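As a plain string of letters, each chain reads:
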Amino acid sequence: MKKVLILAEHKKGSLKKASLELTGASKGMEVSAIVFGSDAKAAADDLAAKGVQNVFWVKDAKFDHYHPEAYAAAMDQVVSQVKPNIILGNASSLGKDLIAKMAARLDAPLAADCTEATIQPDIKLRRPFFSGKAVGTIEFEPAELVCITVRPNSLAPGEVSSTAGKVNELAVNFDFASSAVQFVGKTEGSSDKPDLTEAAIIVSGGRSMKTKENFKILNELADVLGAAVGASRAAVDEGLASHDMQVGQTGKTVNPKLYIANGISGAIQHLAGMRTSKVIVAINKDAAAPLFQKADYGIVGDLFVIVPLLTKEFKKLLGKA
Amino acid sequence: MALKIGVLLKHVPDTNSRIQLKGEMIDETDIKYVINPYDEFAIEEAIKTKDLWVKGGEQVEIVGICLGPTAAQKSLRDAFAVGVDRGIHILDNDKKAIDARSVSQALAKVCAEEKFNLIFAGKQAVDTDAHAVAQMVAERLKMPHIAVVSKCEWTGATSAKVERDIEGGMKEIYTVKMPALLTANKGLNKMRLASLPGIRAASKKEIKEVPLPEVKAGYKVKGWSLPPERGKVKLIEGEPEKQAAELVRLLHEEAKVV
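These protein sequence lines are chains E and P, in that order.
Residue 549 in this note's numbering sits at position 143 of the first sequence; the count goes up by one each step and never skips.
Residue 142 in this note's numbering sits at position 144 of the second sequence; the count goes up by one each step and never skips.
Treat the hints as calculated values from the structure; they're not laboratory data.
These figures come from a predicted structure and were not determined experimentally.
Beta carbons are placed, not taken as given, at the ideal position from N, Cα and C, and that holds for glycine.
The calculated DMTMM-like cross-link candidates involving lysine to aspartate or glutamate, where the alpha carbons are at most 25 Å apart (straight line), are:
hint	chain 1	residue 1	chain 2	residue 2
1	E	Lys592	P	Glu151
2	P	Lys214	E	Asp528
3	E	Lys599	P	Glu165
4	E	Lys622	P	Glu237
5	P	Lys169	E	Glu594
6	P	Lys149	E	Asp470
7	E	Lys663	P	Glu227
Restraint ranges, calculated between C-beta atoms of paired labels, are given here:
hint	chain 1	residue 1	chain 2	residue 2	range
8	P	Pro195	E	Gly419	55 to 61 Å
9	E	Ala448	P	Asp12	43 to 49 Å
10	P	Thr153	E	Gly419	29 to 35 Å
11	E	Lys572	P	Asn91	52 to 58 Å
Covered stretches of chain P, going by a simulated chain E footprint (3 or more residues, C-beta under 8 Å):
hint	segment
12	8 to 14
13	91 to 104
14	140 to 147
15	224 to 233
16	237 to 251
Given these sequences and hints, build the entire structure.
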């Protein structure tokens, strides 16, 4: 049977939902997982509870922050121990970087950022190209080991089996002091909202937001929905929103179940970043905005009137009024 | 001692291009090709770094490396016009290097021969979007890397402090000692415009054409499709209060996403 090694991730100790999408995809297989950080105990336990047979927890606090060489050394140790046929990760900041590095180190084929992924009994993958303007079916060349990263929100979360596995603390042999790369620090994020690339709901604003301050109404709607706030390139280029909020071909590619676009015309490069959203809502004064052609629901109207009303209605619905 | 900076460049469809299929293949007839937008940030950072080092009395050369068909030389010329000194074109008209594995093998081989002190690349190419090739080149060269860099500050002759963008608008900060590879994100800089003398000089700069080394692709694309079209949009009419209430009802009861 094929053996899987999952690169799992956590946020302040709790296992990310995106990692559970990977355990779900590996149901019934022989699965190991690696998770990093002194604060990852709960995540490691959770992986074991989800049926991952061997969880490797790198507990050393020196691994609390990403260091490409050090993390690769840890991966190396686990790979030589479990000899996986598939290394599986999320197309996250960590997964995209570390799994690419491992693919080169092991000279393994890599299919990155897959949006459709079945790994058993046979591997079936599809991934977007041109930021989603086309989708390609991937066929690996024969290989002992392949690497796959999956875009968050692409698969159903699930467990490997109902039999709990065990957590092994992994001591990693890596000389931080002599590395050419040193971790110095980390800045805190600008908000406590979910990240755009992982969010289930996104409220997004375009140039019609007019000012940075006006994003407040989007933030209020997002808070009610537990949503992230995004922006179009036009809004970012005009300084209405920061670059980390940009959705589109030169920004984030997002994959939520609901995308509410406010005053976004729908330039092709914006569509590229959000077109896999399950449901798209367009709110725009301009009835000719191209986004209405790509949306499921639309309101032709003034977003400054509509958005606060939506906030009120959702509050009612969700019992937050 | 002369210092050498490598810049990895890709010739890609402009982000405004519509992608169409011809049969089962991508139809390239109407696509306009440009330098990968993220590679522009890599080029600019290379030029800024060169300027800084030249001021410090160093001799510095910037070499652009581009893998692609004959037409891809245009991106090298465009890079020359803003300040890249010479180019190496790994010719691949047959599209044998189609995935991150094969492309990184070819680029690493050429980079190894050039013995770069520093390599810049875009964080990803906007056609294949693998976000992997540069890291893989670094690994094959046994060179440390930091990806998705939005700030790079030289703190010594061979070391820089860099900021890497991660989820949630957070940044990881590292110091890196050369030789190293950095991948550029939007926010790092904005590529300067080519000057007239720059454009004139570009046509005279050297492009060394080299054959594609032997590479092994990790996968092939077995079939292409365009993303599914959505059904017709449901426009919600009426007074704003009614519109808002109806949209919320539809999202809850019909689409079941809230």
